[in-house]
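Asks: In case you want the letters, here they are:
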Amino acid sequence: MKKVRLRIDGVEVSAEAGQNLVDVAADHGVFIPTLCYMRDKPCLGTCRVCSVKVNGQVNAACTVRAAPDMQVAVDEPELNDMRRSLVELLFAEGNHNCPSCEKSGRCQLQAAGYETDMLVSRFEYRFTPRQPDHASDTIWLERDRCIFCQRCVEHVRDRASGRKIFSISGRGSKSRIEIDVELANRMSPEQVREAVELCPVGTILQKRVGHDVPIGRRKFEVQTLRERTLGHARNQEQADEDRIA
Amino acid sequence: MRIDSVADILRRQRADRTRLLDMLWEVQRGYGHIPDEAVEVLAKGLNLSPHDVRETASFYHFFHDRPTGRHRIYLCDSVTAKMSGHAEVAQALERETGERFGEARAGGDFSLFHTACIGLSDQEPAMLVDEVVFTRLKRGKVADIVAQLRAGRRPAEIANPAALPTDDVAYVDTLVESNIRTRGPVFFRGLTDHQATLRRALDQRPEQILDAVDASNLRGRGGAGFSTGLKWRLCRDAIGTTKYLICNADEGEPGTFKDRVLLTRSPRDVFVGMVIAAWAIGCRSGICYLRAEYVYLLPYLERQLQNLRDEGLLGRAIGGREGFDFDIRIQIGAGAYICGDESALIESCEGKRGTPRVKPPFPVHQGFLGQPTCVNNVETFACVTRIVEEGPAWFRALGTADSSGTRLLSVAGDCAKPGIYEVEWGISLGEVLKLVGASDAMAVQVSGPSGECVAARDESARRIAYEDLSCNGAFTVFDHRRDLLQIVRDFMAFFVDESCGICVPCRVGNVDLLRKVERVIGGKACARDLDEMVEWGALLRKTSRCGLGTTSPKPILTTLQKFRPIYDARLVQASGPLLPSFDVDAALAAHEQALTTVLGAR
Chain A
51 MKKVRLRIDG VEVSAEAGQN LVDVAADHGV FIPTLCYMRD KPCLGTCRVC SVKVNGQVNA
111 ACTVRAAPDM QVAVDEPELN DMRRSLVELL FAEGNHNCPS CEKSGRCQLQ AAGYETDMLV
171 SRFEYRFTPR QPDHASDTIW LERDRCIFCQ RCVEHVRDRA SGRKIFSISG RGSKSRIEID
231 VELANRMSPE QVREAVELCP VGTILQKRVG HDVPIGRRKF EVQTLRERTL GHARNQEQAD
291 EDRIA
Chain B
4 MRIDSVADIL RRQRADRTRL LDMLWEVQRG YGHIPDEAVE VLAKGLNLSP HDVRETASFY
64 HFFHDRPTGR HRIYLCDSVT AKMSGHAEVA QALERETGER FGEARAGGDF SLFHTACIGL
124 SDQEPAMLVD EVVFTRLKRG KVADIVAQLR AGRRPAEIAN PAALPTDDVA YVDTLVESNI
184 RTRGPVFFRG LTDHQATLRR ALDQRPEQIL DAVDASNLRG RGGAGFSTGL KWRLCRDAIG
244 TTKYLICNAD EGEPGTFKDR VLLTRSPRDV FVGMVIAAWA IGCRSGICYL RAEYVYLLPY
304 LERQLQNLRD EGLLGRAIGG REGFDFDIRI QIGAGAYICG DESALIESCE GKRGTPRVKP
364 PFPVHQGFLG QPTCVNNVET FACVTRIVEE GPAWFRALGT ADSSGTRLLS VAGDCAKPGI
424 YEVEWGISLG EVLKLVGASD AMAVQVSGPS GECVAARDES ARRIAYEDLS CNGAFTVFDH
484 RRDLLQIVRD FMAFFVDESC GICVPCRVGN VDLLRKVERV IGGKACARDL DEMVEWGALL
544 RKTSRCGLGT TSPKPILTTL QKFRPIYDAR LVQASGPLLP SFDVDAALAA HEQALTTVLG
604 AR
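From first to last, the protein sequence lines stand for chains A and B. Count along the first sequence from 1, then add 50; that gives the number in my numbering. Count along the second sequence from 1, then add 3; that gives the number in my numbering.
With the rest of the complex left out, here is chain A (with noise of 0.2 Å):
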């Protein structure tokens, strides 16, 4: 791969071409948030958490490759509050009612909060009713915490036909996600626990499954989403170095 130089917050990188700037910055010790970006996953360009500017325009970090002498922009105070934004933003459209979830501190939703220092949202909260969908014999699906993030819908797919099991139905702020029960009912367990870990908030739980992890051991208590998205990429560099060894 070919390497090229560029600069986030002033700083010079070197990079693989073609690398999106979320892994570009987690590589080098910058934590940029995502909702819907999975590493090594295709990007989704969904919930924009990662915006960012590149030669002074913003963009979604996930979405822009790093090109020789891009100057990258993370931590500014117009760029915090754009993110933090965004979060809130999310916790005003949806019903996020943290003390009571069953994926509270393994929720990126609520992790990406503390990250982005809000503490309340500035939108007028919406606590607009939406109806759970419990048909599936495995899943429940929890729509009040639902970000749209769209990694269920691209993400998740039945194995043996390859269909979508995850769907969306409606337009804008009517849209939502659909479940097909017949292929959700055909998920193993292991899909399904994989599903649900996939979430990145608490809308696709397994059933008879509560609150199995007690506070203070859930996986963003024990180790923050920034901690994580930047040990990941230094575990993903010791395996390289492992690897090259």
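One thing to keep in mind: the hints can contain errors.
Pairs of lysine-lysine, BS3-like flavour, derived with a Cα cap of 27 Å [stated by the list, open to error]: (1) K47(B) <-> K355(B); (2) K565(B) <-> K437(B); (3) K355(B) <-> K91(A); (4) K141(B) <-> K85(B); (5) K91(A) <-> K545(B); (6) K420(B) <-> K565(B); (7) K85(B) <-> K144(B); (8) K52(A) <-> K91(A); (9) K545(B) <-> K103(A); (10) K565(B) <-> K545(B); (11) K527(B) <-> K565(B); (12) K362(B) <-> K103(A); (13) K269(A) <-> K91(A); (14) K565(B) <-> K85(B); (15) K420(B) <-> K437(B); (16) K420(B) <-> K141(B); (17) K420(B) <-> K85(B); (18) K362(B) <-> K224(A); (19) K85(B) <-> K224(A); (20) K91(A) <-> K53(A); (21) K103(A) <-> K52(A); (22) K545(B) <-> K224(A); (23) K437(B) <-> K85(B); (24) K91(A) <-> K362(B); (25) K269(A) <-> K257(A); (26) K53(A) <-> K362(B); (27) K85(B) <-> K527(B); (28) K362(B) <-> K52(A); (29) K362(B) <-> K545(B); (30) K53(A) <-> K103(A); (31) K224(A) <-> K355(B).
Because the hints were derived from the structure by calculation, they are not lab data.
With chain A held as given, fit chain B onto it using these hints.
Replies: The following block gives chain B in isolation, referenced to the frame of chain A:
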């Protein structure tokens, strides 16, 4: 319609997913809606989950998942429709049909829906009845149409009593007016020998055509103004097995209708322009994506394509040149403004939701079915034909340094002569207003809601050109009687309805902006609300995924800038610590009500 017919549809379309919109249209024509049983058959045949079929269908507002009446009536409720008597017509429709808007039910003769701009701003109020259009509606005309439909006459029979063939331009003229107010030098000249123009193009090497388009300085007429020559070159140079060419005829920006008129009066300029592009880029396959609102043009346009094939100007061995094969098919949309975005349009051509893609990759590199794809606007292709005919220097001599040629304006609203005007780029706002007979103009919405609201008097010296006031063709005039805040509200409601929902700022933020405008109108806003509208507007402009979200705050931002006093006049002072928009009584009432419910249940 029987369920076997759905299997027939599937067979006819060779179970090709890219034709899903066509299949859904056929199902809806048969059933009056898209029932679960048909979805099941389509899903099975396409190896999709039924929800995945619904994922596509539910994106488009002309597709109905619940039964409707025998005739579906879509009345346009755009800003210009409301300025032209929409309310009276809506009332008449409800009275005559006995139905109510937004409450479609099965079994009746009619279902009534509202729909955004249908490209007839110069002849509103207008409505679509099934696939036929009626314009300049009045109470009496509505009563007459409804009575005839009730008596069993088909919409086409009512609109076309002379029974003209639907593929004839006379049929189109019976339904809608073209209202061309000025013609030439580039458009509507009517004397072009397309055979000779195409021969002239094919006598040149593709590289020479690219050079000519570069030299003409032609910029895409869809609005963004990207260099056409560069786009073609990028697509030509891209690696791919099949290259596609798409004509964007999804003219959805409220207030514009020039593409409809171009396709009506000069379809050959457009299609021959596509053939020239195909030659230059190396495309074998073309799609003309026509918005569903213009479906009444379909037979006429199909006839035009067939004529071109018969004359050897389209299809196999074009112009007698072995190896140059290129054909065009027309894809009908199904009601979604966002499909005007080129990557959303490509998704829609693939039979999916019109969700704008993440870029890069750009369509010129990976577009339709992952292949290099060039998407241009209707007017851009018409320009290309003229550039080949007259030469790039001739074209470049028109207009300004950065905006060569002419621009078609769709003029509507408060003026004496609404319709289509061809103007040279560089013309001033004041000159256009004079030309169209707008003597009392207060504001002009240039480029539709996604464009800019300008002050007619203070900014009359501004030039319509990429260098100053860029324009996608929409030019809507508001005089001093109009309530600009109400117009801004309608524009924001339009964006809320049309946001695809895929990205957070656009899906969520537009709703908040709409509420803010309504708060101002309701006399509950204070200065802080205006500050937040500016801040939140900037957030959407900067972080949204596509052009819809990056432009949707503009009605608010540009009117706040130019017409601040109309906002200030509605503001109230906060008394005490609470915001004026906070309704203490309503908030406490909810608590009271909850208590009553709980105590009452005990």
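Asks: Within a Cα-Cα threshold of 27 Å, do K269(A) and K91(A) meet the stated pairing?
Replies: Holds, at roughly 21 Å.
Asks: Is it true that the CA of K141(B) sits at most 27 Å from the CA of K85(B)?
Replies: holds (13 Å)
Asks: Next pair to validate is K545(B) with K224(A); report whether the Cα-Cα distance is within 27 Å.
Replies: Holds - the C-alpha atoms of K224(A) and K545(B) are around 23 Å apart, at most 27 Å.
Asks: Given the proposed pairing of K362(B) with K52(A), does the C-alpha separation stay at or below 27 Å?
Replies: holds (21 Å)
Asks: Quick one, are K91(A) and K545(B) close enough, alpha carbons at most 27 Å?
Replies: Holds - the C-alpha atoms of K545(B) and K91(A) are around 25 Å apart, at most 27 Å.
Asks: Check whether the Cα positions of K53(A) and K362(B) lie no farther apart than 27 Å.
Replies: Cα-Cα ~22 Å, so holds.
Asks: Within a Cα-Cα threshold of 27 Å, do K565(B) and K437(B) meet the stated pairing?
Replies: Given that 27 Å is the threshold and the Cα spacing comes to 21 Å, the pair holds.
Asks: Quick one, are K420(B) and K437(B) close enough, alpha carbons at most 27 Å?
Replies: holds (10 Å)
Asks: Can the restraint linking K420(B) and K565(B) be considered satisfied, given a maximum Cα separation of 27 Å?
Replies: Distance ~26 Å between K420(B) and K565(B) Cα, so the pair holds.
Asks: Do the alpha carbons of K355(B) and K91(A) lie within 27 Å of each other, as the hint requires?
Replies: holds (21 Å)
Asks: Regarding the pair K269(A) and K257(A), is the alpha-carbon distance no greater than 27 Å?
Replies: Roughly 20 Å between the alpha carbons, so the hint for K269(A) and K257(A) holds.
Asks: For the pair supplied as a hint, K91(A) and K53(A), is the alpha-carbon distance within the 27 Å limit?
Replies: Given pair K91(A), K53(A) holds - Cα atoms ~21 Å apart, limit 27 Å.
Comparing the model with each earlier hint shows no violations; every hint is respected.
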